[in-house]
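Position chain B against the provided structure of chain A, taking the given hints into account.
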Amino acid sequence: MKHSQDLESDVAEVLLTEEQIAAKVAELGKQISADYAGREVTLVSVLKGSLPFMADLMRSIALPLRIDLMEVSSYGGTSTESSGLVRILKDLSAPIEGRDVLIVEDIIDTGLTLNYLLRYLKGKNPNSIKVCTLLDKPARRLVEIPLDYVGFEIPDAFVVGYGLDFGEIYRNLSFVGVLRPEAYES
Amino acid sequence: MTDEATTRGLRPNYAFAHASEAEFAHILDFYEVAWEYEPNVFPILWDLDGNVLESFAPDFYLPDLELFVELTTLQQRLVRKKNRKVRRLRELYPGLRIKLFYARDFRALMLKYGRAALVSELSGTLGQVMPRPQADDSAEPTDGLDGLDRADPAAVAGAELHPHHERRTRAARRRAVRRAVEAAAQASAT
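Read top to bottom, the protein sequences are chains A and B.
Mind the numbering: the first sequence is residues 1 to 186 in my numbering, read in order.
Mind the numbering: the second sequence is residues 187 to 376 in my numbering, read in order.
Hints in this document: simulated from the structure, not taken from any laboratory.
Don't take every hint at face value.
[To be verified] Straight line, CA to CA, 27 Å or less: simulated DSS-like cross-link-like pairs of lysine-lysine:
hint, chain 1, residue 1, chain 2, residue 2
1, A, Lys90, A, Lys130
2, B, Lys267, A, Lys130
3, A, Lys90, B, Lys298
4, B, Lys298, B, Lys268
5, A, Lys30, A, Lys130
6, A, Lys130, A, Lys48
7, A, Lys48, A, Lys90
8, A, Lys130, A, Lys24
9, A, Lys24, A, Lys124
10, A, Lys48, B, Lys268
11, A, Lys24, A, Lys48
12, A, Lys130, B, Lys285
13, A, Lys48, A, Lys124
14, B, Lys285, B, Lys267
15, B, Lys298, A, Lys24
Just so we're clear, the structure is a prediction, and the values are computed from it rather than from any experiment.
Looking at chain A on its own, in the form it has when it is part of the complex (with noise of 0.2 Å):
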């Protein structure tokens, strides 16, 4: 993969601004207040997309909350090749048994790690598990997930920025933008 060292002149089109991406992560932040009122939630972040959503939504939820990161191998990867299953990198680090629990992430494709996240979740006997994401690109859905949180629904396009890379890079874009075909055809 080559990249070039001006990561925004890789991006063809900046499909959500830092302003866009703020007012709507204060607006989710709003929701979940209301909706969580009394309750104290347990934020689970799914590592490494969806950090950058995980560290401004946090602090627009006023209520007592808690954090957790997770992080599971991803297909394809080196480091999983051995064993051909997916596997958890970064396990939980507290129970959450009888905790409500608000899953983080920063994209949902095809849903299929969102898909074996929650099975595994909710083999820890959670109160409650409710699924938050920034995007949500539902032209590559496999596996049909309720999404109680929805940033943004997006194009079919691949995106970058925000904490989403290709390749590890890209992730500190302060926006979310079309990565040109030249950035990943090379």
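Showing chain B alone in chain A's frame:
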């Protein structure tokens, strides 16, 4: 669909008609999504005497999701035929959920998993593990089979048609349809 045919977890050395299907199966295995390979044949066209003229066997059935998936990485001519078949399938079996996975979807999947470089060799003609001289997706079967009642396609859809996992030749498909017809006839007789 049989319990034996439903698997969760890695299944190496499996016979597929196309490399893209093998890759897709590996992805499902990776995420522990149960799948069956071509478990059902659905008649989609009959002649005036009720003989089956054309049938369609979606590539995958995902039993946990109650979803059929048809993959296509071939040229546009074949995509049009598949589109027509899927449209026909939806008309005849409205309760059935099927997703047609186009070449662009497969490409996006490969891109997402950092395997874009493999797209060419897993797609189209290059991805054909074995030649399919009378491929099901391009050939329009004209062989009539007896005994199928067009008014009751669900009777055939529910039959156990293809519990094994071998690549389906045209002849095998005809045999499978024949078994379906026999099963439907037997069901209606009892």
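### Query
Hint numbers the structure violates, sorted upward?
2, 9 and 10
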